[in-house]
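Student: Below, each chain spelled out in residue letters.
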Amino acid sequence: MRPIATTRSASGTPTGRLAVWWVIASEIVIFGGLLASYIMFRLSHPEWAEYASHTNTWIGAFNTFVLLTSSLSAVLAHQAAEAGNGKKAAKLLYWTMLGGITFAVVKGFEWNMEISHGFTISSNGFWSFYYTAAGLHALHVIAGVVIMGIVAQTAKQNLELHRVELIGIYWHFVDLVWIFLFPLLYIAK
Amino acid sequence: MLEHYLPAASTYASDIDGLVNLIFWIVGVWFVLCQVVFFYFIIKFRRKPGVKAQYITGEEKEQKRWISIPHALVLICDVFIVYGAVTVWVDIKQTLPEPEESTPVRVIGQQWAWTFVHAGPDGLLDTPDDIETVDELRIQVNHKYRYQLESEDVLHNFSIPVFRLKQDAIPGRVIEGWFEATQTGTFDVQCAEICGIGHGIMAARIVIEPAADHAAWMSENAPRTVLAATTP
Amino acid sequence: MAEHAGEAAHGHDGHHEMSFWSKYVFSTDHKIIGMQYMFTGMAMALIGGFMAYVFRMQLAFPGEAVPGFGGVSPADYNSLITNHGTIMIFWVAMPVLIAGFGNFLIPLMIGCDDMVFPKINRLSYQIFLLSAIVLIVSFFVQGGGFGGAWTAYPPLSAKAEYSLTPLGSTLWLVAVALEFVAFLLGGINFVTTTMNSRAPGMKMYDIPMVIWMIVVASILFMASVGPLIAGAVMLFMDQNVGTGFFDPGKGGDPILWQHLFWFFGHPEVYVVLLPAMGIVADIMTVFSRKKLFAYRTVLYTVFGTGVLSFTVWAHHQFIAGVDPRMAHIFTITTLLISVPIAEMCFVYIATLYGGSIQLSTPMLWALAFLAEFLIGGVTGIFLGASGADVYFHDTYFVLAHFHYTFFPIAIIGVFAGITYWFPKMFGRHLSEFWGKVHFWGTIVAFNCIFIPLFMLGAAGQHRRIYNYNHFPDLATPELQRLRVIATSALLVMLAFQAVFLINFFYSLFKGKKAEKNPYNANTLEWTAASPPPHGNWAELPRVYRGPYEYSHPDRDTDYWPQNEPN
Numbered sequence: 211m212r213p214i215a216t217t218r219s220a221s222g223t224p225t226g227r228l229a230v231w232w233v234i235a236s237e238i239v240i241f242g243g244l245l246a247s248y249i250m251f252r253l254s255h256p257e258w259a260e261y262a263s264h265t266n267t268w269i270g271a272f273n274t275f276v277l278l279t280s281s282l283s284a285v286l287a288h289q290a291a292e293a294g295n296g297k298k299a300a301k302l303l304y305w306t307m308l309g310g311i312t313f314a315v316v317k318g319f320e321w322n323m324e325i326s327h328g329f330t331i332s333s334n335g336f337w338s339f340y341y342t343a344a345g346l347h348a349l350h351v352i353a354g355v356v357i358m359g360i361v362a363q364t365a366k367q368n369l370e371l372h373r374v375e376l377i378g379i380y381w382h383f384v385d386l387v388w389i390f391l392f393p394l395l396y397i398a399k
Numbered sequence: 021m022l023e024h025y026l027p028a029a030s031t032y033a034s035d036i037d038g039l040v041n042l043i044f045w046i047v048g049v050w051f052v053l054c055q056v057v058f059f060y061f062i063i064k065f066r067r068k069p070g071v072k073a074q075y076i077t078g079e080e081k082e083q084k085r086w087i088s089i090p091h092a093l094v095l096i097c098d099v100f101i102v103y104g105a106v107t108v109w110v111d112i113k114q115t116l117p118e119p120e121e122s123t124p125v126r127v128i129g130q131q132w133a134w135t136f137v138h139a140g141p142d143g144l145l146d147t148p149d150d151i152e153t154v155d156e157l158r159i160q161v162n163h164k165y166r167y168q169l170e171s172e173d174v175l176h177n178f179s180i181p182v183f184r185l186k187q188d189a190i191p192g193r194v195i196e197g198w199f200e201a202t203q204t205g206t207f208d209v210q211c212a213e214i215c216g217i218g219h220g221i222m223a224a225r226i227v228i229e230p231a232a233d234h235a236a237w238m239s240e241n242a243p244r245t246v247l248a249a250t251t252p
Numbered sequence: 181m182a183e184h185a186g187e188a189a190h191g192h193d194g195h196h197e198m199s200f201w202s203k204y205v206f207s208t209d210h211k212i213i214g215m216q217y218m219f220t221g222m223a224m225a226l227i228g229g230f231m232a233y234v235f236r237m238q239l240a241f242p243g244e245a246v247p248g249f250g251g252v253s254p255a256d257y258n259s260l261i262t263n264h265g266t267i268m269i270f271w272v273a274m275p276v277l278i279a280g281f282g283n284f285l286i287p288l289m290i291g292c293d294d295m296v297f298p299k300i301n302r303l304s305y306q307i308f309l310l311s312a313i314v315l316i317v318s319f320f321v322q323g324g325g326f327g328g329a330w331t332a333y334p335p336l337s338a339k340a341e342y343s344l345t346p347l348g349s350t351l352w353l354v355a356v357a358l359e360f361v362a363f364l365l366g367g368i369n370f371v372t373t374t375m376n377s378r379a380p381g382m383k384m385y386d387i388p389m390v391i392w393m394i395v396v397a398s399i400l401f402m403a404s405v406g407p408l409i410a411g412a413v414m415l416f417m418d419q420n421v422g423t424g425f426f427d428p429g430k431g432g433d434p435i436l437w438q439h440l441f442w443f444f445g446h447p448e449v450y451v452v453l454l455p456a457m458g459i460v461a462d463i464m465t466v467f468s469r470k471k472l473f474a475y476r477t478v479l480y481t482v483f484g485t486g487v488l489s490f491t492v493w494a495h496h497q498f499i500a501g502v503d504p505r506m507a508h509i510f511t512i513t514t515l516l517i518s519v520p521i522a523e524m525c526f527v528y529i530a531t532l533y534g535g536s537i538q539l540s541t542p543m544l545w546a547l548a549f550l551a552e553f554l555i556g557g558v559t560g561i562f563l564g565a566s567g568a569d570v571y572f573h574d575t576y577f578v579l580a581h582f583h584y585t586f587f588p589i590a591i592i593g594v595f596a597g598i599t600y601w602f603p604k605m606f607g608r609h610l611s612e613f614w615g616k617v618h619f620w621g622t623i624v625a626f627n628c629i630f631i632p633l634f635m636l637g638a639a640g641q642h643r644r645i646y647n648y649n650h651f652p653d654l655a656t657p658e659l660q661r662l663r664v665i666a667t668s669a670l671l672v673m674l675a676f677q678a679v680f681l682i683n684f685f686y687s688l689f690k691g692k693k694a695e696k697n698p699y700n701a702n703t704l705e706w707t708a709a710s711p712p713p714h715g716n717w718a719e720l721p722r723v724y725r726g727p728y729e730y731s732h733p734d735r736d737t738d739y740w741p742q743n744e745p746n
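Residue numbers (the numbering used here), protein chains in the order written: chain A, 211 to 399; chain B, 21 to 252; chain C, 181 to 746.
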C-alpha cells in the first residue's frame, strides 16, 4: 500500500522522476570524483599515454555503438509505455537488456585478453584507473539490466508503466558515463 | 600569548605569535560582544505574566540593519586577518634563503624515528663529512638552515613547537623549507601526523648551540656517522 | 486540490494486529524508522563515549590499567581515538540529527502521512545497521581495529605493513562506505519528500527551518560524498588488490586522498551543523514566543554556507605539502565562510529581542548551543588563517576547536531536539527538574574538559599521542595537571548522562501524559496526536501561513498554528 505522500506532486515533477534525478545527481559526483582524479593524473603523467595505447579502441567503439543503440530502444519503450502499450514496452526493454548484456560480455572478453597480455589492475596507475572506472561503470550496466528485467516483468502486465521512463532515464545516464569513459580511457593516447 | 607556554625560538615564531594575538583580539571582541548581548537579552526578556512578546519580522530595512552592519564589520575584520595570515605564510613557506647564506640539512621521517643528515664542516650535503644522527638535530643559533624533508614510508610531520614550524613529509617527494633559531637550548621535535602504532614514540630533540660549540661538535664527529642511543 | 479530499480515509486501519516484529523492527513507518536511527545512534554514542573514557584515562594516568578496559597499548590507543571520531561523526551525529530527526519530523512537519519511499527508507536503516555491525566487528578481528585516524590518510591506511591492522582497515572502510550508501538512500527520500509531498498550501517560505536545514544538509551530503566514495573504492583496491592509486612507489599520490576526503569532510561539518541549527531555530521561537528574525535571510545564509563549504576544503591541508600558494585562496574562502555563519548567530540573537523567554529544558539546550558554538566558531578563525595554522595544525587546539563545534551539534543540539519533541515522540513528558540537572551537569563539565585542551594545544601538545612522557617539553607537571582536569571533567560529564538515561526511560513509561500541543507551538506536528498514529492524521492538514507567527498583534493568543484557516 502506497502512502499518500508518494502520490503528491507539489513541485510539479512526478515523485519517481524526481528521485531518479537525485540518484543520478549523486552518481555524477561519484564518477566525477573518480574521473577528475584520473584527469589530474593524466595531466601530470605524460607517460600514461603510452600505457593507454595498449587499449583496443575498436572494441571500445563497438561497445559504445551497442550501448547507444540500446538507449534508443529504451526511448522507444518509454513511448510505448506512454501510449499504454505495456507488452510492447516490455519487448523493447528486453532489447535494451540484450544490449547491456552484449556490452558486459564484450567487456569480459576484452579484459580477459588484456589480462592475458599482462595488463592487470596492478600494472600501473593507468591500468588501475582503467579497470576501476570501467568496472564501476560495468556494475552500473549490470544493475541496470537486472532492474530493467523487473520493470519489464511488471510492464508486461500493464502495471507501473511510469517505471519504464524511470529506468530509461537511468539507462541514459549509464550511457552518458560511458561517453565520458570511452574517449578518456581509449582515445586519449 | 603562546610565549606563556613555550619560548619563541625562531625568527618567524614571533610573527606567528603576533598573528595569533591579532586574531585573538579581533575575535575576542566579537565573542564578548555577542555573549554580552545574548545574555542581556535572555535576562531582559524573561517571561513576565501578562507581557506579550513583540512581533518583529526582521524583513524591514531598518530591522535588517542590525544584521547587515555587523555583517559588513565581520567582513572588514576578515580582511585584516587575511592580510596578516598571508604575510606570515609567505615568509615561512614561500621564501627560501639563498644557498650561500644558509646551510642545508636533510630530515628523513620513517616509522618511527627521525634521521637528520647534517652537512658537516663543508656546509654541503652528500659529501663524506656529512654527519648522520638519529632523533637528535644539532644546529647553530642565528644561522639560516634549509631543510629537505623526506619520508621513507608513510606521512609524517616535522614539527618543532618552539620554532612554530610544521611541515608534512610525503614519501616520494622532497619538501624544502627553512628556519633560523634565535636562542640556544634543547627542545622537542615532534611527528605531528599519525604514522602508525609508534607515532607516540616518534620524538626527537633539537639542540641549538652557539657557533663555537657547534663547530667543535662538527669537527669532532665529521667523518663518522653518529647514532644516538635510541636507535630502533 | 483534488487529491486532498480523497486523502482522508485512506487505509489507516488494519495495522492493529501487527506483530511486534512488523511494528517495531521491519516497519516502514517513518516515525519508527526515525526512532530506530535514534536509538542506534544513542547506543553508538555510548560506545563512542566509553572509548573517550578509556583514552582520556590513559592520558591522565599513563600506563595504568583503566577500570573496565585494562592496559592501553599504543595500538589500542590509536584504534580507540580513530573509532571514537568515526563513531561520533558517522554513527551518532549523522543518524540522530539527519536520519533520526529527519525521518521523524519531515512528514509530520510538512503535513503528510509518510516518506515518499517507505521501503527505501527501511532499506536505508537496514544498511545503516549493517554498517554499524561491520564497524563493531572490526574492533575484534586479528590485528585489532583500524588505527589510522578518522581521516585515514594513505599510505598508512592503504598498506597492512604500515598500519599493522590488515583486516581492521578494510572493515572500517567498508563500514564507512555502507554508511554513506544508507545516507544517500535516506537523503534522496528526504529531499524528494520535502519537494513533492508538502501539505496543500505550504509554500517554500512556509517550511519550518529545521526541515529546510535537514534538506539542504542532505543535498550537501549528496553533492560532496561522491568523490569520497570514489576515493573509498580506490583505497579499497589499494588495500586488497594491489593497485597504487595512493602509493608514490607505484606512481600514485597520497595527497589525492586528502583532497577527496576533505572535499567531503568539510561540507560534512555543515551537513551536521545545519540540522542542529534548525532544531535550535524552532525551539528558540517557541520558547521566546517570537517570529524568527528575517526568515529569508536565514535561508540565504544557509544556501551561502552550503555553496561556500565546497570551496574551503584545503584549509585542512595547509602544511600537507600542497603548493603553498594555494593556502592564500583557501584562507580567503575560509574566512569568507565565517560571514554567513556569524550572520546566522546574529539572527538567532536578534530573535530573542523583545521575546517572552521561558527557560525550559529544551530552551536551555538551544541557548547553550548558541553560546558554546560561538566558541567553536571564533577559534576556527585561528585555524583558517594559514599563518597561524602553521603552529596550531594537529595540536589539541584543533581538537578543542572542533569539539566546541561538534559537541554543540551532536550532543547539545540532539538533547535540545529530544527534550523538545519527546512528548510528540512518546506521548509523555520528561521530568523538567532532572532535565535541568542533566543540562547543568553536562554543560559545566563539557567546558571543563575542553578549555584545558585549548591551553594544552597552545602549549604545543600534538594529537594522537598515547603517552606524552616521550616528549620532555610536554611531560611537565603543569601540563599533566591540565590533562587530569580534562579527564576528571569527562568522568563527571559521563556520570551525568546516567541522569538523562534514567529520566528518558522512566518517562517513557511513567512520565506525565502529553496532550497534542503542550508548548502552544505553530508547526504541523503539534496538530497530530501525541504520539501520532500510523498515517499521522485522520485527515491530512492544510497550511495557511508560515511556521513562526508567534505573538501576532491581531491575535488574542500568542500563537497561530499553520493549519488554522484564520
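Simulated from the structure, these hints should not be mistaken for lab results. Note that beta-carbon positions come from the ideal geometry of N, C-alpha and C, so glycine has one too. Don't take every hint at face value.
Result set (DSS-like, lysine-lysine): computed pairs, CA atoms no more than 30 Å apart in a straight line [said to hold, decoys possible]:
1) C:K690 / B:K72
2) A:K301 / C:K696
3) B:K72 / C:K430
4) C:K690 / C:K616
5) C:K616 / A:K399
On the chain B side, residues computed to face chain C include the following (Cβ under 8 Å) [said to hold, decoys possible]:
6) I36
7) I43
8) F51
Student: Taking the hints in turn, state whether each one holds.
Tutor: Going down the list of hints, with the structure as the test:
1. C:K690 / B:K72: 34 Å, violated
2. A:K301 / C:K696: Status violated; Cα separation ~54 Å.
3. B:K72 / C:K430: With a Cα-Cα distance of about 71 Å, the restraint between B:K72 and C:K430 is violated, given a limit of 30 Å.
4. C:K690 / C:K616: With Cα atoms ~19 Å apart, C:K690 and C:K616 stay inside 30 Å; holds.
5. C:K616 / A:K399: Between C:K616 and A:K399 the Cα gap is close to 68 Å, so the pair fails against 30 Å, i.e. violated.
6. I36: Holds - the Cβ of B:I36 comes within 8 Å of chain C, reaching about 5 Å at its closest.
7. I43: 5 Å, holds
8. F51: Hint holds; B:F51 Cβ to chain C Cβ min 5 Å, cut 8 Å.
Violation of the numbered hints given earlier is confined to hints 1, 2, 3, 5; the remaining hints are satisfied by the structure.
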